[in-house]
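Enquirer: Residue-level listing of the chains:
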Amino acid sequence: MTPFFQNKTNRVWFLLAAGFILFNIWNVIYNIPMVPDQHWAQKIFYVHVPSAWVGFLSYFIVMIAGIMFFVKGHDKWDDVGLAAAEIGTLFMALVLITGPIWATPIWGQPWIWEPRLTTTLILFLIYIGYFMMRSFGGHAERVRRYAAALGIIAFVDVPIIFVSVQFWAPEIQSHPQVEMASQPPGILIPFLLSLGIFTIIYTLMLKFRIHVIKIKNRNVADV
Amino acid sequence: MFFTLLKKELFIEFRSREVTLSMLVFGLSIILAFAFTTNVSKVIVANYVPGMFWIMVLFVTVLGVHRSFAYEKEFDAFSMLISAPIDRGLIFVAKWISGFIFLTLMEILVAIPFFKFLLIDFPPDPFLAIGTTLLINLAIMAVASLVSGIAMRARLSEVLLPVLLFPLLSPVIISATKISAGIMAGDPFKLWQIWLLIILSIIVIFALVGYTLFDFITEE
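So the sequence lines, in the order shown, correspond to chains A and B. Residue numbering for the first sequence follows this note's numbering, starting at 1 and increasing by one per position. Residue numbering for the second sequence follows this note's numbering, starting at 1 and increasing by one per position.
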């Protein structure tokens, strides 16, 4: 199997993604105007929201890969599911870290049971279970099927979790990120740009991780 | 075929009484722990009763479904079951309904000690409480049967089952607690109907997902 970075397209995408990341950091710190009342704390939204978007997108891909694995029965869908689950959980962890960083100066405490954060936490815990199953579930072929099923169940549960958590504590308001659409272009456009850049980074990471998993599986098969 | 499978589940249980007995004793032990940790003060306990009841049910459910699937592991009975020419989705439905029956049985037996030991009054409308509890049991067992179907044949299933089940059941536990709190407080239906809708959605969604996925999960 050709090394990932020997492929010219991958190299170009990697360089582009690296450039985009650096530009995004520069843009967020120096260029984007401050939101009144929130100052520097608000800037974390340019990382927090795109991480959440990419995390949920990734878990959606885990579900699709699970369905495809059952329908087509091909192991490549298991590789896609595993790679997406790993990267999705990484971004979800980022959401759970950046959320409290924003909340501490704004709400005065790192954690309140905000519906989106709570849903993220529950989903994160489900995926910890998913990786435990992957790691010590035993029989490899069965574990693949169980993981595919779990990926489907976890995503199906997301809207139910979100609705129940939202009604559970209605006095807790959602993040002001929902008001992003009504922000002036100086804030909205960089925010959308950040979303796009995170999606590009995610796509590259996913492609790379699938490549690594394939090599790993081939080495295991050779042994 | 469904009734044959259900009969098999019930027949095994009524002969050994392993599932219901272990659920019952475990449930009583949890009540005891609750009593000791709250000093059985009516003022303190009253606020937490609905949550306590459903926490107990959650723990007992894990024990029950694990035991129910553990039967099948012995002598590799599950492999023989799935090699039979039957719709595997029906195995899930049979596990779900039998689990629901065992859980309901356990709750019937444990309800009086729960209320009496913790010095709580019975709900003002017992029929409403029973009806909603039955629906919640259906929801809990729909999720639990599906997850235990996944965890059962994995290594370390006794660890994986609660780790996977508890977060997946969080909407059920939230809804169950809110419904019970509403009924205990005598709140009008309008105030807690949303939770009942969530429970009904969980029953429908997990019944369909479980029925569809069980065929793939149990492939050899």
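It is possible that part of the hints are untrue.
Computed spacing ranges between beta-carbons, pair by pair [claimed, not checked]:
#  : chain 1 : residue 1 : chain 2 : residue 2 : range
1  : A       : 169       : B       : 16        : 37 to 45 Å
2  : A       : 220       : B       : 131       : 34 to 42 Å
3  : B       : 126       : A       : 217       : 39 to 47 Å
4  : B       : 116       : A       : 139       : 29 to 37 Å
5  : A       : 207       : B       : 8         : 43 to 51 Å
6  : B       : 104       : A       : 207       : 19 to 27 Å
7  : A       : 7         : B       : 104       : 33 to 41 Å
8  : B       : 48        : A       : 27        : 46 to 54 Å
9  : A       : 139       : B       : 36        : 21 to 29 Å
10 : B       : 83        : A       : 71        : 55 to 63 Å
11 : B       : 191       : A       : 156       : 48 to 56 Å
12 : A       : 156       : B       : 116       : 26 to 34 Å
13 : B       : 33        : A       : 111       : 55 to 63 Å
14 : B       : 17        : A       : 156       : 52 to 60 Å
Computed footprint of chain B on chain A, listed as stretches where at least three residues anywhere in the stretch have a Cβ under 8 Å from a Cβ of chain B [said to hold, decoys possible]:
#  : stretch
15 : 125 to 136
16 : 141 to 151
17 : 155 to 168
Sample of chain B residues lacking proximity to chain A, with all beta carbon distances greater than 12 Å (derived) [said to hold, decoys possible]:
#  : residue
18 : 63
19 : 131
20 : 185
21 : 214
These are computed hints drawn from the structure, not numbers from a lab. Note that the Cβ used here is the ideal one computed from N, Cα and C, for glycine as well.
Enquirer: Hints first: check each against the structure and report whether it holds.
Expert: Each hint, compared with the structure:
{"no.": "1", "hint": "169(A) with 16(B): 37 to 45 Å", "in the structure": "holds (43 Å)"}
{"no.": "2", "hint": "220(A) with 131(B): 34 to 42 Å", "in the structure": "violated (53 Å)"}
{"no.": "3", "hint": "126(B) with 217(A): 39 to 47 Å", "in the structure": "violated (58 Å)"}
{"no.": "4", "hint": "116(B) with 139(A): 29 to 37 Å", "in the structure": "violated (47 Å)"}
{"no.": "5", "hint": "207(A) with 8(B): 43 to 51 Å", "in the structure": "holds (48 Å)"}
{"no.": "6", "hint": "104(B) with 207(A): 19 to 27 Å", "in the structure": "violated (50 Å)"}
{"no.": "7", "hint": "7(A) with 104(B): 33 to 41 Å", "in the structure": "violated (59 Å)"}
{"no.": "8", "hint": "48(B) with 27(A): 46 to 54 Å", "in the structure": "holds (50 Å)"}
{"no.": "9", "hint": "139(A) with 36(B): 21 to 29 Å", "in the structure": "violated (42 Å)"}
{"no.": "10", "hint": "83(B) with 71(A): 55 to 63 Å", "in the structure": "violated (23 Å)"}
{"no.": "11", "hint": "191(B) with 156(A): 48 to 56 Å", "in the structure": "violated (28 Å)"}
{"no.": "12", "hint": "156(A) with 116(B): 26 to 34 Å", "in the structure": "violated (40 Å)"}
{"no.": "13", "hint": "33(B) with 111(A): 55 to 63 Å", "in the structure": "violated (27 Å)"}
{"no.": "14", "hint": "17(B) with 156(A): 52 to 60 Å", "in the structure": "violated (35 Å)"}
{"no.": "15", "hint": "125 to 136", "in the structure": "holds (count 8)"}
{"no.": "16", "hint": "141 to 151", "in the structure": "holds (count 7)"}
{"no.": "17", "hint": "155 to 168", "in the structure": "holds (count 9)"}
{"no.": "18", "hint": "63", "in the structure": "holds (18 Å)"}
{"no.": "19", "hint": "131", "in the structure": "holds (20 Å)"}
{"no.": "20", "hint": "185", "in the structure": "holds (16 Å)"}
{"no.": "21", "hint": "214", "in the structure": "violated (9 Å)"}
Going through the hint list in order, the structure does not satisfy hints 2, 3, 4, 6, 7, 9, 10, 11, 12, 13, 14, 21.
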